[in-house]
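Participant: Build the full structure now, drawing on both the sequences and the hints.
Protein chains: 2
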Amino acid sequence: MPTYRAPVDEVLFLLRDVFQWERYANVPGFSDLNAEMLEAVLRQAARLCEDVLQPLNQTGDREGCRRLADGAIATPNGFREAYRAYAEGGWIGLAADQRYGGQGLPYTIAAVMNEFSASANMAFSMYPGLTITALSALLHHGTEAQKAFYGPKMTAGRWSGTMNLTEPHCGTDLGLLRTKAAPLAGGAYAISGQKIFISAGEHDLAENIVHLVLARIEGAPAGTKGLSLFIVPKFVHEDPDLAGRRNAVSCGSIENKMGIHGNSTCVMNFDGAIGFLLGEPNRGLPAMFVMMNEARLGVAVQGLAQSEVAYQNAAAYARTRLQMRALTGAKFPDQPADPLIVQPDVRRNLLEIRAFNEAARALVLWTALRCDVARRVDFDQKARQEAEDHLGLMTPLMKGFLTDRGFDNAVKAQQLFGGHGYIRENGMEQFVRDARIAMIYEGANAVQAIDLVGRKLPMHGGRAIIAFFGEVGAFIAQNELTEAMRPYVAPLREGLGHLQQATMWFMNHAMTKPDNAGAGSYAYMHLFGLVGLGFMWAQIARASLASRARGAVAREAMEARLMTGRFFMERMLPETQFQLTRIMAGGDALMAMPAEYF
Amino acid sequence: MPTYRAPVDEVLFLLRDVFQWERYANVPGFSDLNAEMLEAVLRQAARLCEDVLQPLNQTGDREGCRRLADGAIATPNGFREAYRAYAEGGWIGLAADQRYGGQGLPYTIAAVMNEFSASANMAFSMYPGLTITALSALLHHGTEAQKAFYGPKMTAGRWSGTMNLTEPHCGTDLGLLRTKAAPLAGGAYAISGQKIFISAGEHDLAENIVHLVLARIEGAPAGTKGLSLFIVPKFVHEDPDLAGRRNAVSCGSIENKMGIHGNSTCVMNFDGAIGFLLGEPNRGLPAMFVMMNEARLGVAVQGLAQSEVAYQNAAAYARTRLQMRALTGAKFPDQPADPLIVQPDVRRNLLEIRAFNEAARALVLWTALRCDVARRVDFDQKARQEAEDHLGLMTPLMKGFLTDRGFDNAVKAQQLFGGHGYIRENGMEQFVRDARIAMIYEGANAVQAIDLVGRKLPMHGGRAIIAFFGEVGAFIAQNELTEAMRPYVAPLREGLGHLQQATMWFMNHAMTKPDNAGAGSYAYMHLFGLVGLGFMWAQIARASLASRARGAVAREAMEARLMTGRFFMERMLPETQFQLTRIMAGGDALMAMPAEYF
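Listed in order, the protein sequences are those of chains R and W. In my numbering, each number is its position in the first sequence, counted from 1, plus 47. In my numbering, each number is its position in the second sequence, counted from 1, plus 47.
Just so you know, the hints here were simulated from the structure itself, not pulled from any lab data. Treat the hints with care, as some may be off.
It does not matter which identical chain is used: a pair holds within one copy or between any two.
Simulated pairs of lysine to aspartate or glutamate, DMTMM-like, Cα-Cα distance not exceeding 25 angstroms [what the hints assert, rightly or not]:
#, residue 1, residue 2
1, 378, 214
2, 200, 435
3, 200, 472
4, 459, 399
Everything numeric in this text was worked out from a predicted model, so none of it was measured.
Facilitator: Next up, the structure:
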């Protein structure tokens, strides 16, 4: 049976020592959380995830969701109570505006809760997760009346939310979508069409479900410029005349999937369902992107989350499973065999996962802090714009890179268990199956890569990437003369050089030949991700050295971080050279092959 | 619904054009298969796999195996008929000695059938696969009476076979095993103990099951030197007095696994079961290794097989799924969108899989041909010894490398389907789940890596790896001045250089410090695997160029090979540099971390 301990101390170290939490005190929401309060909130989050959500992870996978004869969905045993506990703890409205039922705390704390809850029970965490993103879109684009109407119900967990984008013939290519909206008297619309892959589309956790649906108003332009966003409630309370009438939206079937069995993935049928416009007509796609971007960061965190819980269980197994002897002779001659952890390759495997986890968490928190600045700081337009640039650049990068590597790490952790890792009851293969979806949904990772290279890099004349280069370069300049920092700074400089070369190569070769951008986009996403982790490791190392110099109590943890960071620099970051080679190979060879040869 | 076409033309090209089949005419078994016969046999294999096995792949996964109240196992619908067809086609005894019911054909053909059948239905293919390997051990170590007794029954498919090694507390570390053998009057033994993860341990496909069981005779030494191998039949026909009595061996339960649901993975209980010694007492482990090595090559082929079938389905999807437009503008403006195949990153994904598949198949056939030489050539001791060296070196390499990459490729192919790849009915996620086990069983891949580096490299003063270097070096020298070969030879030379540097590094740093070998073993396995594929691509390119020069009919296939080979050289082989860097980082950093820090 797998276990999970939320890495609270690790988060506290990153927020306090690496990112200097106190520097954000004047950002709205932060002042309520001093260092002690911060820790108290995180420990509360950890308790809910460890004690309530995690015990339902395997049972939820085994039971899955059942569609009943009337189209209702029964979630696994215990999910209803867990959802109630989650909502009552205030976690749904954690970062939402206090005027609409939220707690107004930093988004950064919500990102931490994302990690903990997705580690504990990824399938479950998607129910509140989708409610949070739908709420975010409603509070961003809704009228004052809409915000006041939906906010308190959703933050209280009475009503949940969904996103309805995909149709059978279109996922990535939303311009093709066919769901129609016909105007009704009184300003509402009749929504008709079919949506697929709708996570949490139907369930028994809440009184009502608020579907946000992308559809085309009759007569609107073809393509993405004719899409509008609608609120389609399961029960219609918006119009007093309808008095909670069941809307014509229903779950036609649920998908039989590889993983996340505890979450209901629905085919949703809209048969003239009553819908209410959210935001402006034909501006549905940009409105949906508010949700999409937040959801993408949430999915990035799922990659880290599965990697973390898989690591914890693999490390525990490696410390206790007795098998074979150390290569240098028996370490524990009194026992029938040595623990796996004496094997260098077992350590290599574990360190690869761990060196990702700690730096990926730093990347998440760094970006989450910028997200808070981008959304809440109105007293410093420059800081806000820089934060927005950063978010635009990091969102596709983190979605693609963290979920790819998170999945790989779940596979590596499973591998340490040998045959026992393939058996369902040991839980390691569930991490692999669950982690797999994160590479696919909210935009498959290849779409993230082309968004990164084709849109986010060149945007505003490359302002965001130039700022990133500047920030990393300044860090290197500040620290390169410090002897103890050299093992971290020198490899980072080399990795950064590769990223800069790759970026220049695109400037010179992809503007005129977009296939060169496409051909190198995936490699660039991984090259950039590695440099991002390297930058985080260098900062973690600096904070750890400072903490050690201060004689901090958690000396072992600091030593472990310094060693893990060295491992990353020596054995993982050098991959940047290989990714650069791939990028500079260009697209000609790829495009030359006739389609029928494939 | 996934489809599968066995790559017969690809195999024929490799056997005839690349490896020059006719050169083997004087190896026993080959003379019966001239070029036409060879093709006829392969087409027959393809038909069985495409028409009989593949249609049962998804249904077998869905139904799984059921354990009935009496401990019997019901395999999925259709498996019984398929097993009969497989046996009646002569495929079980294909390469077995004709004196004992076999057909005496080359093992190379059996390796091809391994690929086709594992692509079509991996879970099914394990039933005949285990029978074939058990038969091989029986014919290798059995007395004349044992060979005559078991051979015809097993080749006819009436009796099947298993391997019983793993116990709950020991998988890799067989020296720990506890299953006991107590001598009985008359020369037989009473076998007692429990084995786990026994593939095809119980089923309804054959009249009888011949378990080969590793156990310790009472009073035998501890560790691996006290292990003996026993034949434990489900029904005892060996002793006329017992007249087919049900033996005290039974399936206690079956495992609920991530994949290969169509195969029964059993906990086997031996409660004083009658067993007969196979080979010499206390020499069970070396005897078992005859099976293990053959089984490891079979598992290596499973990695390729899942990669191949996943590729075929992904390529078909990419050619037909309409979504988005080409980066350079609409390619098919009359259609609502362009097919996925116009996207450079989709091509990158597909070519990475394909560039592996074609060269991995070459590696399999090259090694299979050497296997035939090693086993059958008694007129040339030098050729035989070289072939044996080659096999020893390539077995762990191919098991580890081909299954790691085969799994990665199944994941990549699934990714092209977006959300549809996560849905069970589309079949892509089954390839991932099934491919996953190949990295684990028959020795987890980390065990293969340390076997390669720690045992096979230094064996006989490095004779095998020196021969490999010599062979690749000679090929480079022969071809480096040919203009058309330069894009293949130059990168191969560079990759070979990295492999040689890594090998030298181990010689200088691992003899005295074994942890340096352990720390670099996994990277070395991948570095070596890449160079192996590179060597195959260079040979494929040479044969394709020659074929094109001759004006061969299959011009498109030759062009596609030359392009795919270029892709491999430009974008995949350069990974060798990164793997070399990892190796040369050594083991100190890994070993320094105290176990409790993990």
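Participant: Among the hints numbered above, which are violated by the structure, and what are their numbers in rising order?
Facilitator: 2, 3
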